[in-house]
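With these hints in hand, go ahead and build the complete structure from the sequences.
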Amino acid sequence: MARNVSEVAAPESKGGVVQQTRGRTEAGMRAPVDIYEDGEGITLEADMPGVSRERLDVRVDGDTLLLEGNVQFELPKDAEAMYADVRSTVYRRSFVLSRELETSNIQATLKDGVLTVRIPKRAELRPRRVEVRTA
430 MARNVSEVAA PESKGGVVQQ TRGRTEAGMR APVDIYEDGE GITLEADMPG
480 VSRERLDVRV DGDTLLLEGN VQFELPKDAE AMYADVRSTV YRRSFVLSRE
530 LETSNIQATL KDGVLTVRIP KRAELRPRRV EVRTA
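In the working numbering, each number is its position in the sequence shown, counted from 1, plus 429.
Any given hint could be a false lead.
Said to hold, decoys possible - Pairwise CB distance ranges (calculated):
id, residue 1, residue 2, range
1, D467, A508, 53 to 59 angstroms
2, D476, V561, 43 to 49 angstroms
3, Y465, D490, 22 to 28 angstroms
4, K506, R555, 50 to 56 angstroms
No lab work stands behind these hints, which were simulated from the structure alone.
Being a predicted model, the structure only gives us computed values, none of them experimental.
Think of the CB as a built atom: it goes at the ideal place given N, C-alpha and C, for glycine as much as any other residue.
What follows is the structure, encoded as structure tokens:
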């Protein structure tokens, strides 16, 4: 697995970062990620609680997989915030992908705050069974 995916070092990936954005406080978070490999490819699971599909961005740029999700705390129309440390959270992670992976066939699903990304290995690199015939 370590040879197929490596994390890109980025300032936001070092832990929590809090920024002021137009009067709103935003927390930049490093989404916890588990990555595992099988014979067919790799699966990446990122915890992004509170992120909706509409506020999720998963993309491949060259050999880099980028994950970004935003959580916005929206007040009801007639409510006023009495206290709010953080009004939004941004989860970010990026990984360099091996050439062994088929980046044109990535699948991603979001369920219960967990983003699952499946990246298959290139067909010619997948293990395959060889049929043995009798002579």
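Checked hints:
no.	hint	in the structure
1	D467 <-> A508: 53 to 59 angstroms	48 angstroms, violated
2	D476 <-> V561: 43 to 49 angstroms	45 angstroms, holds
3	Y465 <-> D490: 22 to 28 angstroms	23 angstroms, holds
4	K506 <-> R555: 50 to 56 angstroms	53 angstroms, holds
In this structure, only the earlier hint numbered 1 is contradicted, and the remaining ones agree with it.
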